[in-house]
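S.K.: Sequence:
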Amino acid sequence: MPGITAQRSERLAGREPLPLFEIELNEQQRQRQRKVEELRRLGIDPYPPRSHRTHTARQALDRFAEIEPTLDGELDPEEIVVAGRVTALRDMGKSVFAHIRDGSGAIQLYLRRDVVTDDALAHFKRFIDLGDFIEAAGHLFRTRTGEVTVEVRRFQLLAKAVNPPPEKWHGLTDVETRYRQRYADLMANEETRRIFVIRANAIRAIRRFLDERGFLEVETPILQPLYGGAAAKPFTTYYNALDQTFYLRIADELYLKRLLVGGYERVYEISKDFRNEGIDARHSPEFTMLEFYMAYADYRDVMELVEQMLAFVAEEALGTRQITFAGHTVDLTPPWPRVSLRQALIDTTGIDFLEVTDQRELYERARALGADVAPDTVWPRIIDELLKTFVRPTLIQPTFLIDYPVELSPLAKRSPEDPRIVERFQPFIAAMEVGNAFTELNDPMDQLSRFLQQARDRAAGDDEAMPIDDDFINALMYGMPPTGGFGLGIDRLTMLLTDQQNIREVILFPHLRSKPTPILNLVPRSADERDQ
RNA sequence: GAGCCCGUAGCUCAGCGGUAGAGCAGCGGACUUUUAAUCCGUGGGUCCUGGGUUCGAAUCCCAGCGGGCUCACCA
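Going letter by letter, the first sequence gives residues 1 to 532 in the working numbering.
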């Protein structure tokens, strides 16, 4: 059965009718939409352009706390106006209790017949539903049960909700609906709202930390003619004006380093990167990355800065350096232990990767330990697998894993002590890898040879090997100072700070496959119906 | 991409071969300090979609769509 039509609403709103479609509403939506039309007939705008709010819920509660000692149990003499979404309604007959929530919190409203008048109370009961935005003018007092409440004199609908809100006790729990309709999730679930506040606080803290230390925030291209700076498959697009294939960046790295060639000493960028790969609890193809680079610093300087930064961020975002994640309590207070990957692997697997240089032998040893590797897995990938299987689960308290084999790191500088090792580290917290850093490779010819090796890997079938970026080589040929660089997954950091096990819980609008059935049922109207 | 699990009212869920259910929300009524208010009454369904088995399918089987978890690739 067709519901109230958009066309009729348009007519009642004094505009031209929508010609072709109507929206099919369920019973509750129809019920509410009827109220919209009835209000219009009464000359009341169900969507007025302005509110007259004088106090947020928080400000009202704070005000009452301040003046209550002077009131002697009486009403606050000053009239205030609060506004928000109706989240609870308790109809007592000749009075009504309601809660409204705004961005600052919630406050209770109390409407009594002998204060608002009989007609106004009837109007409220007739037209105000759960989920509506309203404003209410009145005086603060404390109820018998102790709750600070507005005794309402006047009220006004600010925006009618046609959709009923999710169930009040369990909220919205269906994961798919929570992601597809994040607005409903945010409306219904305090925890969801909390996560994104912490996320914003963390990002603000990072900016402040870096700004205070002389870093320059910059923006480099997201659309790039060549991608690089990480091992990943890119999203590809076509740039019409340039008549050329472009890629969405997989990392910021190569552009930020060009800026150090240009003479900036400290730069950072916080923005989205895109990797055309699998989605799981720790990976989102569109994710947020912090990268910073500092000249005249090496990876040890960077480690010191990173442990300070993350302790600062936790303090700013959560008020503590102790965080709980997946049942682990970890303490971010610096300094964090530095453990070489070589030693960690010797301790956990007995394998010394400087001794076991033959791929076949490494494979046999890994298999003997029970690692899940295929016979054709290349040497660096086996090392990576051993790291993930045997080392990573042991890294609960914050730890820097340092000094990786050169084969794993085509953009990092070799150790002066051992050319088979690069000066690289990854911070692990609660067994989660949250970043990646190294002393940056600034020898253009060494960089070129690493690119050439990547090209060979690519030819051999590694489709995540980086393409050769000759402009980057050209930049390095102008000279880049000794530099330490760092990349941090902002989403994963947020997971840690909010104790969320799934990355989609910390992304406002995570990607899902489009649904064949639309949310709104728009049905065509027949011509004669339109003519009536 | 593979394996396992899920899809029932606006929301949260039960039902798992024999007339489609509960709570909240809705609608009607009672109640002037309630707190998931309470009490009485009541409407509401493409049981994800399409096939099949069966006298009979929400329930069993097959396929598809959407989602979750675990793998695999990756930060």
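Wrong hints could be hidden among the right ones.
With beta-carbon atoms standing in for the labels, derived distance ranges [claimed, not checked]:
#, residue 1, residue 2, range
1, 455, 357, 34 to 42 Å
2, 190, 97, 19 to 27 Å
3, 283, 176, 41 to 49 Å
4, 50, 300, 55 to 63 Å
5, 90, 221, 26 to 34 Å
6, 283, 473, 41 to 49 Å
7, 359, 473, 23 to 31 Å
Calculated lysine-lysine pairs in the DSBU-like style (CA-CA distance at most 30 Å, straight line) [unchecked claim]:
#, residue 1, residue 2
8, 160, 125
9, 168, 233
10, 168, 515
11, 272, 233
12, 233, 160
13, 35, 233
Hints listed in this document are in silico derivations from the structure and should not be mistaken for laboratory results. Every residue, glycine too, gets a C-beta built ideally from N, C-alpha and C.
S.K.: Any hints from earlier that this structure breaks? Give me their numbers in increasing order, please.
M.R.: Hints 1, 3, 5, 6, 9, 12, 13 not satisfied by this model.
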